[in-house]
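Protein chains in written order, with this note's numbering: chain C, 707 to 902; chain V, 19 to 308.
Don't take every hint at face value.
Claimed, not checked - Here are the simulated distance ranges between beta carbons:
1. C:P819 <-> V:R199: 27 to 35 angstroms
2. V:V184 <-> C:P819: 38 to 46 angstroms
3. V:G169 <-> C:E847: 55 to 63 angstroms
Said to hold, decoys possible - In silico lysine-lysine, DSSO-like type, Cα no more than 30 angstroms apart, as pairs:
4. C:K769 <-> V:K79
5. C:K730 <-> V:K79
6. V:K173 <-> C:K776
7. C:K773 <-> V:K191
8. V:K84 <-> C:K790
9. V:K84 <-> C:K776
10. V:K84 <-> C:K769
11. V:K189 <-> C:K735
12. C:K735 <-> V:K242
13. C:K776 <-> V:K242
14. C:K776 <-> V:K144
15. V:K230 <-> C:K773
16. C:K730 <-> C:K790
Unchecked claim - A few chain V positions that, by computed beta-carbon distances, are all more than 10 angstroms from chain C:
17. C72
18. E155
19. K188
20. D211
21. Q237
22. E260
23. Y273
24. G297
If you're looking for bench data, these hints aren't it; they were derived computationally from the structure. This one's a predicted model, so the numbers in the text were calculated from it and none came from an experiment. No residue lacks a Cβ here, since even glycine has one placed at the ideal position from N, Cα and C.
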Amino acid sequence: MRLVLLTLLLCWLSGQAAETAKEKRWWEKREARKPDIYFPHNVHMAVMEQEGDMCMLCHSFQKTEEKDPKLLQDLSAVVNEPLKAVCHDCHVVERRAPWRCELCHPDKTKIWPADHNFGYVQHHATAARRDENACRECHLELSFCTDCHFRREISGIGYHPLGYITLHGMEARAMPANCGRCHNNFYCDNCHRRRR
Amino acid sequence: MRRLLGALALMLASVAAAEKPKVPPLHHLVDISVPDSMRVDPALPLPADRKLTCPVCHGIKDIDKKDFDKVDKDDPGFLRGGPYRDLTQFCFRCHNQESHQRPNIHAMLDDKGEIKKDHCLYCHEKVPERDRRYRLEEVRLRAPPDKLCWGCHLKTPHLNALEHQVKPSKKVKKQREAFLRDHPEVILPLTSDGRVTCITCHTPHPPGVIRKDLPAAHQVATAKVEEGPVYGDSPWEKVIAEDKRERFAELSRKYGRPLTFRYRQIQKEALLRLPAKDGQLCRACHVFDQ
Chain C
707 MRLVLLTLLL CWLSGQAAET AKEKRWWEKR EARKPDIYFP HNVHMAVMEQ
757 EGDMCMLCHS FQKTEEKDPK LLQDLSAVVN EPLKAVCHDC HVVERRAPWR
807 CELCHPDKTK IWPADHNFGY VQHHATAARR DENACRECHL ELSFCTDCHF
857 RREISGIGYH PLGYITLHGM EARAMPANCG RCHNNFYCDN CHRRRR
Chain V
19 MRRLLGALAL MLASVAAAEK PKVPPLHHLV DISVPDSMRV DPALPLPADR
69 KLTCPVCHGI KDIDKKDFDK VDKDDPGFLR GGPYRDLTQF CFRCHNQESH
119 QRPNIHAMLD DKGEIKKDHC LYCHEKVPER DRRYRLEEVR LRAPPDKLCW
169 GCHLKTPHLN ALEHQVKPSK KVKKQREAFL RDHPEVILPL TSDGRVTCIT
219 CHTPHPPGVI RKDLPAAHQV ATAKVEEGPV YGDSPWEKVI AEDKRERFAE
269 LSRKYGRPLT FRYRQIQKEA LLRLPAKDGQ LCRACHVFDQ
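Construct all of the structure, not just a fragment, from the sequences and the given hints.
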């Protein structure tokens, strides 16, 4: 009896191993490659129907002369996966569709450029002058720049509520990164060093 | 005595082998004379006696002395004027393309609307009755339905064909069954072991061959069967080209030859059980929660 059970267990385990070893298909691999993409098919169907393009726009079934199964597998992955250019054409270039990044990229950190580290706001000028369009790929609204650059008020209610200077200590200790989005350490030192 | 007989047999065998040169399988016959009526492409060096020998087709020196597996099939001289993506293009350097083209057996009706019975017999052992409702296993096909199409078509005639030739997942299976329950006028047949195959989506019969009210006759008929599906330009062509540019460059590097993709929008469909261009066919099996 024990032998039978052991054999059954071994069979089950080898079956599981075979299942794991089975090569994943393109749509299974996609999840691992692009974990941040949210694409609700149903939401797109109505608009695609209106424009006369449906499933086959992204998942092509065109004629092929290729015969090599490995190549066809690679080709399928590429022709079945629309990337940035296709999505961004409606959502960014033409803005016919909603253009809030987090709508399709729930985790924005996955699409942030590598140089957007802590304190980048103090050092963004060079990059922005070099290639403004690169910034605009994500920061679509001009107000993203003007919110800071055109802020001229010095005494009225600005970014912080009135009297914030007396209350900022707690927030600065709890969430220093928040301050760092606009102020560098010289900004703090201007007052704090004077008092020391 | 036995040794003598053995030696004699060996000699005879070697003489026979010398008379009939051995060539790899599926090879054109050699050592035969090309008939005078056949026009051979002047680029192929046919000798004055019009005898077909290895160098007529092959530009690799002493190819007949090399191991079959060691011959470089991608060498431009392997088949003169090559390499050929489609081998039949080499055949047509001597043989007449038009007279060797297969008939379109899916064009099954003559001018009077009568069935061309010889076309039925390409796939069926016996011509089925037009008005009878058959089950797939009753139509007496010459080969299993998942292999029958390969007699004339590539296994991969279009993109995504290979991806679909699998057993559907539980979710897809459930949706297909629900769709067929709601649409008894349609069939989407699977193979005997439950895999998707060509005839799951395609019907081999043009409109009018099967009685109209039978589910097997249900299909889209926007294109003529003689012409096949029609593709046209798409406003998305440039965007999709940009989308694929980098990855196709990578594939071209990987496979050592230029690979491209030009998106064309399907305009007319033929021999499909449901329209695909508006997604009806896809959605018979694929549903999305969101």
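How the hints compare with the structure:
| no. | hint | verdict |
| --- | --- | --- |
| 1 | C:P819 <-> V:R199: 27 to 35 angstroms | 51 angstroms, violated |
| 2 | V:V184 <-> C:P819: 38 to 46 angstroms | 39 angstroms, holds |
| 3 | V:G169 <-> C:E847: 55 to 63 angstroms | 60 angstroms, holds |
| 4 | C:K769 <-> V:K79 | 37 angstroms, violated |
| 5 | C:K730 <-> V:K79 | 45 angstroms, violated |
| 6 | V:K173 <-> C:K776 | 13 angstroms, holds |
| 7 | C:K773 <-> V:K191 | 29 angstroms, holds |
| 8 | V:K84 <-> C:K790 | 50 angstroms, violated |
| 9 | V:K84 <-> C:K776 | 28 angstroms, holds |
| 10 | V:K84 <-> C:K769 | 37 angstroms, violated |
| 11 | V:K189 <-> C:K735 | 19 angstroms, holds |
| 12 | C:K735 <-> V:K242 | 39 angstroms, violated |
| 13 | C:K776 <-> V:K242 | 33 angstroms, violated |
| 14 | C:K776 <-> V:K144 | 38 angstroms, violated |
| 15 | V:K230 <-> C:K773 | 36 angstroms, violated |
| 16 | C:K730 <-> C:K790 | 23 angstroms, holds |
| 17 | C72 | 25 angstroms, holds |
| 18 | E155 | 28 angstroms, holds |
| 19 | K188 | 15 angstroms, holds |
| 20 | D211 | 17 angstroms, holds |
| 21 | Q237 | 17 angstroms, holds |
| 22 | E260 | 4 angstroms, violated |
| 23 | Y273 | 6 angstroms, violated |
| 24 | G297 | 4 angstroms, violated |
Consistency with the previously given hints fails for numbers 1, 4, 5, 8, 10, 12, 13, 14, 15, 22, 23, 24, ordered from lowest to highest.
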